[in-house]
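K.L.:
Chains A and B are the protein sequences, given in the same order. Just so you know, the first sequence maps onto residues 1 to 169 in the numbering used here. Just so you know, the second sequence maps onto residues 170 to 348 in the numbering used here.
FYI, nobody ran anything at the bench for these hints, they're computed from the structure. Everything hinted at is true.
Pair ranges (Cβ atoms, derived): (1) A:R104 <-> B:R317: 46 to 54 Å; (2) A:V12 <-> B:P312: 25 to 33 Å; (3) A:P51 <-> B:L204: 42 to 50 Å; (4) A:P51 <-> B:S336: 51 to 59 Å.
Backbone N, C-alpha and C define an ideal beta-carbon position, used for all residues, glycine too.
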Amino acid sequence: MRALRSYADPHVAGVCLGLVLLACFALTGQGLGASGAFASVVSGVVGAVSPETAVNSAYFRSYLQDGSPWTAWLVVEIIGVLIGAATSAALAGRIRLTFARSTRPSAARLFAGVSGGILMGIGAALARGCTSGLALSGGAMLSVGAWVFMVALFLAGFLSAPLIRRLWP
Amino acid sequence: MNNLLIAGGVGVAFGWALECAGLGDPPKLAGQFYLRDFTVLKVMLSAMLTAMLGVFWGGRLGMFNPAAFYVPETHLLPQLVGGLVFGLGFVLSGLCPGTSCVALASGRIEGAATMLGLFTGLLLVGLAFPSIEPFYRSTPQGPLTLQRLTGLPFGVMVALVTVVALSVLAWISKREAAR
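I would like the entire structure built from these sequences, with the hints used as guidance.
P.N.:
Below, the structure written as structure tokens:
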């Protein structure tokens with residue numbers, strides 16, 4: 001099996017990411033995001049399947065009030081992320097349909113992936129953002145809430161990691 | 170329309186940078202929490218430092234007005250609890266919302282599992298929102314910043330955060346060199 005080509009230096013990639021974030025602020029006045037796009041899509045689906053449910057929840061309503069949730073700024077940005085990541089991986093010879101560092105599926109890892117996603121969905125909704133929109137973008141603007149979120153995230157991560165050690169070798 | 174073109178372009182660059190850093194690979198992200206791989210902290214701190222210094226100096230040089238940039242609303246308790254729940258989920262899936270898209274785009278099937286979970290988690294919050302809402306709206310502080318909280322000038326706060334972030338990055342490279 002052909003080895004995957006190595007990644008860029010994390011500091012260089014980080015500075016590039018910071019410049020993308022800075023350009024985003026300069027061009028639009030707001031930062032990057034990710035969980036908001038997921039929330040828009042969920043609200044769009046709920047609004048289409050059961051409009052009554054959407055109206056009864058201020059959370060869904062907040063994503064449906066400014067035009068179509070399908071063309072929200074963050075949704076288009078995340079479609080860009082998928083395209084950019086796929087292009088970069090393809091050009092570097094890193095694209096390959098597989099499971100992480102394994103050719104066979106692991107039920108435990110897939111279960112952990114889904115449950116981790118559920119927890120992050122709940123956490124991001126409560127905090128009003130995720131690692132991109134709150135921790136990184138808000139952190140760069142020195143938001144107190146962003147720093148509280150970032151410290152809590154790493155604290156929970158470092159404390160819980162020893163309990164689930166065998167999952168990601 | 171123009172706005173959505175910018176959204177797409179920014180997204181492509183964002184996804185490109187995350188993929189180049191290796192942040193589409195769950196073992197690499199999870200490795201941060203086992204102190205085995207410091208890519209996550211290195212990328213996050215370098216990116217945040219670059220953007221923060223860019224915002225500060227761009228404002229000083231009159232290239233734009235940083236006071237018009239969006240600062241998230243602070244709600245202390247929900248953001249503290251949200252961060253704790255999010256951190257646990259991050260270790261479990263080895264991905265965050267943005268990097269789950271990067272993982273899927275580069276063919277890692279675990280990315281799709283995490284994305285499915287994210288949709289489910291947000292759906293649960295949306296459905297239960299009437300009972301969660303009082304907690305969600307508790308402890309509001311408005312768009313509070315560290316400089317307003319401490320009363321320090323913007324430039325001093327930027328310098329302090331720079332020193333702390335550079336110290337952490339230096340500590341990481343010293344630790345890696347010792348191995």
